[in-house]
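Chemist: Listed below are the residues making up each chain.
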Amino acid sequence: MIKYLILTLLTFFVVLLEGTLLTAIFPGPQTPSLLLVIMLAIIFAEYHEDAFFIALIGGLLKDLIALTPLGLSSLYLLLISKAVILSSRRAGSAIYIVLTFTFAASLILRILSALPWLTATDPRALFWGSVFDAVLILVVFPLCQNILQSVFGRRELKIA
Amino acid sequence: MFLRHLLITILIIILGQTPLVRPLENLAVVVVVPWQYTSRRLALKIRNELEFWRRVRELRHENWRLSETVRDLESQLTALKEVRRENEVLRDQLKIAQEEPPGRLILTHLIGHARGELKSELIIDRGSKSGLRRGLAVVYQNYLLGEIARVQDRRAVVRLTTDSAFRTTALDQDSPGRARGLVRGEFGTHLRLEKVLPNETISVGDVVITSGEDDKFPKGLILGRIRQVFAKETEVFKTAELEPPLEIEAIEEVFVLVP
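Line by line, the protein sequences are chains A and B. The numbering used here applies: residue 1 is where the first sequence begins, and numbers increase by one. The numbering used here applies: residue 1 is where the second sequence begins, and numbers increase by one.
Treat the hints with care, as some may be off.
What follows is a list of derived Cβ distance ranges for each label pair [what the hints assert, rightly or not]:
1. A/Asn146 / B/Ser67: 49 to 55 Å
2. A/Arg124 / B/Glu82: 21 to 27 Å
3. A/Leu9 / B/Glu49: 23 to 29 Å
4. B/Ser67 / A/Ile95: 52 to 58 Å
5. A/Ala104 / B/Glu49: 32 to 38 Å
Okay, the calculated bits of chain B under chain A, using three or more residues with CB under 8 Å as the criterion [to be verified]:
6. 39-48
7. 128-134
8. 234-241
Just so you know, these hints were derived from the structure itself, not from any lab. Since the model is a prediction, treat every value here as computed from it, not as a measurement. All C-beta atoms in this analysis are idealised placements derived from N, C-alpha and C, irrespective of residue type, glycine included.
For reference, chain A alone in the conformation it holds in the complex:
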């Protein structure tokens, strides 16, 4: 219970940071998707259940702050997280896999979020925003892994 309370508070601050501070410092469609990057870092650290929880709560908070239809961001994040989990099981977790999946997930999320105004969005901004997220996960992933292991314990991989 306490774990989910901590995750909810952290997610709230991440969403607030993304919606205000990062938007002011990086204006335009290339603002880093901090929530997505943190969610993917948690997925690559093998804490899948926590990633789903963050996708649900983070998406709801994001919709509440940005006045988008409630639940839509959660749906996008959940579907993307499931797709990444299924794909990474086959592909592994090498650094280039992490970068590629982060770039692809970020691009898909940006395109979905820009619908139905996609034709009015600068495609270069979508591309560079996704590149930025892929670079950001290089910093966030080790940080998330260390914090989660020290707070919630090491995640043991299941061997069939």
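For chain A, the structure is supplied; the task is to place chain B on it using the hints.
Modeler: Relative to the frame of chain A, chain B by itself:
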């Protein structure tokens, strides 16, 4: 676990379309909006600080240029004061009544961006409970920033003039024939003046204002300044690209014009 979260999300999406969620939404807004406002103010301070160090070399030249502009404007203001005094005397002589100012202004604060990817929609901290409704003009001094696109009880979304869904009729204030056209937003970064007749003269540096012909906004609100003119022989109409007059990120308060 995934299916459980997915079902909860789908349920929230369905409930979100009904009025059942509104009280919970309003309660959540009461908690979120103060954090949003504080966070945005902090973000603007950090941004201004970073911007200062990034532009420190340009600032000296800009300071000199602005001082020149201030001196020029002061001399124009002196002349305009005389014109205003003569206007008042003439009105008094001819017994012409003063025009009532169009509507009242409601002060609101910017608290964030809506629809993250586009950055051409802003959120303000007033809603229908303060008398706001869709279509109202949002202004800063005499500049038109945008229009109210969506309204909740205590918040509203402002569609900026640079948004691709923004349209209004306009005229070139500095053009000899006061050339008329249609202004629309583009890519969330600038505006485009279209449908200008080929025999009209429009130039770089001209100020474009609302014409009031579409009854959406009052006449005379500044939309921007022309930075490039496109006049191809193969096209019937002239077009021009406008520079937005203000940097939105530097503004904290705006006004909603309620007729």
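Chemist: Go check the stretch 128-134 of chain B versus chain A for me, would you? Three or more residues, Cβ under 8 Å, otherwise it fails.
Modeler: violated (count 0)
Chemist: Can you tell me if the stretch 234-241 of chain B counts as covered by chain A, using C-beta to C-beta distances under 8 Å and a minimum of three residues?
Modeler: violated (count 0)
Chemist: With respect to the beta-carbon atoms only, verify the hint that asparagine 146 of chain A and serine 67 of chain B lie 49 to 55 Å apart.
Modeler: holds (53 Å)
Chemist: For the range 52 to 58 Å, tell me whether the beta carbons of serine 67 of chain B and isoleucine 95 of chain A fit it or not.
Modeler: For serine 67 of chain B and isoleucine 95 of chain A the Cβ distance comes to about 54 Å; the hint holds.
Chemist: Could you tell me whether the CB distance from alanine 104 of chain A to glutamate 49 of chain B stays inside 32 to 38 Å?
Modeler: holds (35 Å)
Chemist: Are 3 or more residues of the stretch 39-48 of chain B near chain A, judged by a Cβ distance of less than 8 Å?
Modeler: Three-residue rule met by the stretch 39-48 of chain B, so holds; n is 7.
Chemist: Does the Cβ-Cβ separation between leucine 9 of chain A and glutamate 49 of chain B fall within 23 to 29 Å?
Modeler: For glutamate 49 of chain B against leucine 9 of chain A, whose Cβ atoms are near 28 Å apart, the range 23 to 29 Å holds.
Chemist: For the pair arginine 124 of chain A and glutamate 82 of chain B, does the Cβ-Cβ distance stay inside 21 to 27 Å?
Modeler: violated (52 Å)
Going down the numbered hints, you'll see the structure goes against 2, 7 and 8, while the others check out.
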